[in-house]
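Visitor: Sequences are here, hints too, so could you generate the full structure?
Chains as they are written, first to last, in my numbering: chain A, 20 to 366; chain B, 20 to 366; chain C, 20 to 366; chain D, 20 to 366.
Since the hints were made in silico from the structure, they are not lab data.
Misleading hints may appear alongside valid ones.
Heads up, the list lumps identical chains together, so a pair's fine if it works in one copy or across two of them.
Unchecked claim - In the BS3-like style, the derived pairs of lysine-lysine whose C-alpha atoms are separated by at most 30 Å in a straight line are:
id	residue 1	residue 2
1	Lys277	Lys246
2	Lys277	Lys133
3	Lys22	Lys269
4	Lys277	Lys205
5	Lys277	Lys143
6	Lys205	Lys269
There are 4 protein chains.
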Amino acid sequence: MIKVGIIGATGYTGIELLRLLTPRADVEICVITSRELQGVRVQDHFPNLRGHLDLPFSAPDSQQLNQCDVVFYATPHAVAMHTVPALLDSGVRVIDLSADFRIQDIALWEQWYKTSHSCPELVKDAVYGLPEVQREQIRQAALVAVPGCYPTAIQLGFIPLLEQGLVSSDRLIADAKSGVSGAGRKAVEDYLLCEATESIKAYGVSGHRHHPEICQGLNLVSESAVKLTFTPHLVPMVRGILATLYAPVKPGLSVTAKQLQSIFEDGYAGEPFVDVLPAGVLPATRDVKGSNKCEISVTYSTDTDTVVVLSAVDNLVKGASGQAVQNMNIMFGLQETTGLEGIALLP
Amino acid sequence: MIKVGIIGATGYTGIELLRLLTPRADVEICVITSRELQGVRVQDHFPNLRGHLDLPFSAPDSQQLNQCDVVFYATPHAVAMHTVPALLDSGVRVIDLSADFRIQDIALWEQWYKTSHSCPELVKDAVYGLPEVQREQIRQAALVAVPGCYPTAIQLGFIPLLEQGLVSSDRLIADAKSGVSGAGRKAVEDYLLCEATESIKAYGVSGHRHHPEICQGLNLVSESAVKLTFTPHLVPMVRGILATLYAPVKPGLSVTAKQLQSIFEDGYAGEPFVDVLPAGVLPATRDVKGSNKCEISVTYSTDTDTVVVLSAVDNLVKGASGQAVQNMNIMFGLQETTGLEGIALLP
Amino acid sequence: MIKVGIIGATGYTGIELLRLLTPRADVEICVITSRELQGVRVQDHFPNLRGHLDLPFSAPDSQQLNQCDVVFYATPHAVAMHTVPALLDSGVRVIDLSADFRIQDIALWEQWYKTSHSCPELVKDAVYGLPEVQREQIRQAALVAVPGCYPTAIQLGFIPLLEQGLVSSDRLIADAKSGVSGAGRKAVEDYLLCEATESIKAYGVSGHRHHPEICQGLNLVSESAVKLTFTPHLVPMVRGILATLYAPVKPGLSVTAKQLQSIFEDGYAGEPFVDVLPAGVLPATRDVKGSNKCEISVTYSTDTDTVVVLSAVDNLVKGASGQAVQNMNIMFGLQETTGLEGIALLP
Amino acid sequence: MIKVGIIGATGYTGIELLRLLTPRADVEICVITSRELQGVRVQDHFPNLRGHLDLPFSAPDSQQLNQCDVVFYATPHAVAMHTVPALLDSGVRVIDLSADFRIQDIALWEQWYKTSHSCPELVKDAVYGLPEVQREQIRQAALVAVPGCYPTAIQLGFIPLLEQGLVSSDRLIADAKSGVSGAGRKAVEDYLLCEATESIKAYGVSGHRHHPEICQGLNLVSESAVKLTFTPHLVPMVRGILATLYAPVKPGLSVTAKQLQSIFEDGYAGEPFVDVLPAGVLPATRDVKGSNKCEISVTYSTDTDTVVVLSAVDNLVKGASGQAVQNMNIMFGLQETTGLEGIALLP
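Guide: Structural data, given as C-alpha cells:
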C-alpha cells in the first residue's frame, strides 16, 4: 500500500489525480491539502467524488505529509520549490506536476518564471519524468518533474525523427492546439465560456514557457542544436492537445512514408502509452479523452519535403496527472500501466 | 466468466457497453455483431478501443450468440423482437436496450412504434430493468427490458413522492433536457454540430414514445392514476439528462422541505446508484458524466405548493448501457456495482 | 440626430448596444464611460468594433453625459440609482438596463438586491420598458427600466393567457433555460468554459431576483394574484433564453389548441418583435440569435389540462440591449423597428 | 435595383447570401431555386428569415433566372457548370460559389473533382473573385468564381510576403483550422455534434481540393514556383477559419518584425475588408464572426528565421457568401462595402 499525499488538489490536475488514484486498492490517499478549503470534505467540493472519497482537506503544512511514501504537487508554478527540500529530507519521494524542477538551466527558468529559484541545487538531481526517455532514471528518482502538456505531445512527436537524424533540427515547427483546461481552474475573463467558446486563436506567439522545456528535451536526443517555432492555440473544448509538427528532411536525404512509419513503430515498440496509428489513420483528441495515451501519426509531404507528425494527448492525463501516476508506478516498481488503462470516454 | 454477446454495437450505447465490459476480468466478450461492419476489427472502428479489444465484428446471425450466457441488444427499436425468441429458446439470457419489451400494453406499443409486435407473448414475461423497483424480479429474469433514458431519470425522481401519496398524481410535469447523444449515432441533419450547438429547443411536445413508458412505471407505485405533461428538450451537449419535475402537493396535505428530504433519503437508502444530494445542493449533468449515478435533489416551492425534483443521469450510462450492466450483475449474482464504480470525468 | 451616452459599456449588454447603435445614421454615440478603461479606444477593447467606432472610453463622471439626449446604463445593479437623478435634472432621458428601477415595491427591491435604494422617489415615475405592455407610457418617459431577460421571455409567454383569464394564476410554472452570457462578463469560476460547457444545471431554485419582477408584471394583467414557481437553468451556450411555461386551465373551463393559437395570434397582432409561430412549429433559441424577436408557440396538454407555452429570446437583444434600443426608438418618436431588423445569424 | 437569383439556397452559403441580401434596398431577390423544396416558402424552411422574405422556392429550371441581372450558385461542386453557359448566353452575369470555375488547369480540376468539366472553354474567361487581387477584372466579369474559404484566408496571408520576394516560396506551410460549417449542411456522421464537438483533428493530410487553388493563386504573385504543405483541421465550432502560416525567410535576407508589419499595412492600405492588426495583437475567429473581414497579424520567429502569419475569416462570409456579395458590388459599380458592414456578433 503506497501512502500518497496531494498538495494543492483543487485545480484540474488535482481532481484528475484523485480520479485516477481513488479507485486503486494499492494506494492510500492519506492527505490532501488546500489553504482555502481546509476542513471541507473533498467530496463536497468535487461532486464527482461523492461516495468515493471520505477525507477533508488539510492545511498545507500538515505533518501527515511527512508520513507519506510519495507526495504529488498539483500547485501553480513557484510553490513546490519552497517545501520540496524538507519533504525530501524526511525521506518522502516527490512528484511535481508544476514547472519548478523541469529546467536544468536555472537562469533560463528564472527568466521565464519571473522569480528566483529557492533551491537550485535540487534541480540537477530532479528527473524529468518522460518515461519514454527517462524510464531508468525515474525508477530511482527521489524527485520527478512531470513534463508539461505541450512538451509531452511535442517531444513524443519529434523524438524518433531527431534520434534518426532525419530532419534539419534548426527548422522545426510545432503548431499546437489545446483545450481550455490547459489554462487551469482560474477565474480569468479569457477563459469564460462566453469568451473562449466558438472561436480559435493563437497566443504566446512571442514566447511561451514551454518553449525552453521542449528544446531542452529535444536537444537530449538530437545531434545538432534544436531550433523551434512554437505556436500554441486555444481551442473551444475542455480537454486535449493536438500538436501538428513540421520537420524538413535534411538536405540530401530522401525518405519515404513507409520508412517514416517504421521509424515511429519501431521507436515506440513496447511503449504502453504511445500508440503509433496505422498509415492513413489520423488522431483526434477525443480518441484519448480521459486516457493516458499519446496517439501519433506520421505523414510525408512531398511538396515541401517535410515530415508532418500529428500527436494527440489528453492534457490532463498523459499531459499531466496520468503521466504523474505513470511515474509513480515506475518509482515504486509497479506494473507501469496500473490504474491507467481506462478507455477514453467516447462520445 | 460470463460469456457476452452484443448485437448492433456500432451506436453510442454499443460503444458504451464495450467501454464498461472490456476491462472486466469476469466477463468475456465473445461476439459483437454488425451487418455493415462484418469482418472489420472493432478497434479499427472505435479508436478509443485500440489496444483494448481484439475482435472482429460478426454477422448478425452468428451461431456464436447461442453459446453466450447473455446477449445485449443495442439495436434500434423493432429489431430485437425478431431474434430474441430463438435466443431465449437456446437458453441465452437477454438484456434489450431497445424499447421492444418495455411496454406491457401491446396495442399501445404498436401505436407508438408504428409496427406490429412480432412476439407479444414474450412481453408479459419480460422484466422492466429498473433495479430500484424490480431488483428481485431481475435476478431470475430471462429477458430484461432496459428502461429508456428519460424514463429512468423521471421515474427515479417521482417514485418516492407517489409511493408516499404526497402529490396529486394527475398534474405531474416533467420538463426534461437531454444531450444530443440521446438521438443516437444517426446521420440526421438536425443533429449536426452546426444545427444543434449553441441552441436549445423543445421537441416532441405533441407526444413522445417515452411518455407511455414513464406512466406505466409510475402507475405501478401510485395509488391513483398518473397523468403527466412531458416536455423533452434538446441541449447543446453530448451526454446527460436533467429532468426538472413538478408535482403539486395534494390538497389538504402540508409538507416541509425537511420532510421531503427525508422521504428521498429514506426511499433510496442503500441504493448504490441513486445519490440524494444534501439539502441545498443541486445536481449538474457533468457530475455524473460517464458514471452510473442518478443524482437527485428535492425542493419545495411554497409559492405554488409544488414539489420540485431535479434528477440527473448520464443518458448513455444509468440511462442505457450502465443500467444494462447493472442488470447483468444482478442476473448473474454478482456484486451489483461491479465495473460500474467509475468516477465521472470532470471537467 | 440623437446624442447617446453609454455608462459602463464593457460588459456584454454594453457591447451589444454598440453593435446595434454604431451603424445608425440617426444616432451619434457621444460618450462611453468606463472607470477601468478611461482613455483606451473602444475599438482596441472590443475587436469586433475595429474600424467602426473611433472613440475613447471616458471617465464615469464625464460632463459630456449632460449634453446627451439619452443615456443608457449598462452597469451592474445598484450603480445607476446614484447618478440617474442628476442626469434627469439636466434634462437627459435615461434608459437603465439594470434592475434599479424595475420594482415598484422598494422594500421588496431592497430585500432582493441587498442594499438601500438611494432614490426611491424616482421609482414610481420610472416606466417599465416592455413595449408590448407599456408602449404609450414609454413615449413620454424620462426614465425607462428595461426588463430583465427572463422576465421578458416569461411575461410575453404568460400575458395572453392571463389577460383572457384562461388559467389558474396561482399555479404557474416557468422552467427557464439561459445561455451563459446572462451571467455577464465577470471572471467567476462557475462560468469558465471548463465549468459550464457540456453540462446543464438548475440554479437559484430557492429564489431568484427576477421572480418578483415577473410577478409584478404579470399581476398587472391578471385578475387574480399570480403565484409562480420559477426554475432557472444554465445551458452550455452563449446566447439565448428558452422559457417553457406551464399554466393549468381554470377548473370548469375548456380550451382547444386552436383557441389558444388564436388568442396568441390576436394578442400579438401588429407587434413587430413578437412572432407567434404557426401551430406545430416550436422555437429554438438559435432562430433569434442576434435578433430582437421573441418567438412563441403555444400547445395544449390534454393529459393534465395544462397550457404549455414556449418563448425564446436572445437574452442580450430582446432580453436587454435590443429592447433598450426599442425603447429609445419609441421615446424619440422613431419607427420602432429602426436598427433592430437584423436577421438572426444562422448557423 | 439589381435583380438577383440564387440557385441551391438550402445550404449554409445559401442562407448566408439571404441574410446579407434580404435587407438591401438596392437588391431584389427574384427567384430562389431548390429541387427538394419547390413550392415551400423560404421563411418556413429558414426560421431566421420569418417575416423578412416572402418567396417560395422555385424549380431549378425556373425561367425567371433568365430575367435576373445576376445569379448566384450556392450549389455543390460540378453542378453550376451544366447551366452556367445558358445563363451567360441570356446575358445574365454569374457568381459561382462552387469550385467549378476556379482552376484554370482543366486536367487538374478534373483530377481533384473526379468528373469531366462540361464547359472547359468558359473557365479561361472566368474571373477569380478575390477582390484584393482581381478587382479590376471583376468589374467587367460575366462569370466570377468565388474563392474557397481556406484559399481566401491563406492567400491573403501569404500574398504580401511573396509579392516582396521575402520568403522561400518552396517551403510554405499552411496549418489551417476550420469550423464545422465548412463541411456544409450534409447529414454526414462525422459532422454530428456528438462526433465533432470537444475534439480537434487534422484531415485531408494526403491531399485537399483547395491545395491546387491556393497554389494557383499564390503563383500569380510569386516570382518563383510555390510549394506548399497544407494541413486542414476540424475545430469544434460552427464558423471561422484561422490559418497559421509559416514562411522561411529567403537565405541571405534579413527582416525585422517592424518591416514585416509595414509590408502588410502598406500592402493592404485602403482594402476595406483586410484588417492588419497592430503589432502584438492576434486575431481570433470570433472577432470576425458574421462579418466580411479578414484579420491578419504578422510576427517573426527569430529562432527559425520564419515569418508567422495569422489570418482569420468567417468561412461563410469573407470565405464564401460575403465575398460573393463583395464581387456583386464591384460588378455592378456599387460601393464595395454596401451591405457588408455588419459588425461581428460578440460574444
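Visitor: Now look at each hint and say whether the structure bears it out.
Guide: Verification of the supplied hints:
1. Lys277 <-> Lys246: both (26 Å within a copy, 22 Å between copies)
2. Lys277 <-> Lys133: between (45 Å within a copy, 27 Å between copies)
3. Lys22 <-> Lys269: neither (50 Å within a copy, 54 Å between copies)
4. Lys277 <-> Lys205: For Lys277 and Lys205, neither the intra-copy (45 Å) nor the inter-copy (35 Å) Cα distance is at most 30 Å.
5. Lys277 <-> Lys143: Answer is neither; intra-copy 40 Å and inter-copy 40 Å both fail.
6. Lys205 <-> Lys269: neither (43 Å within a copy, 43 Å between copies)
In summary, the structure is inconsistent with hints 3, 4, 5, 6 from the numbered list given earlier, while agreeing with the others.
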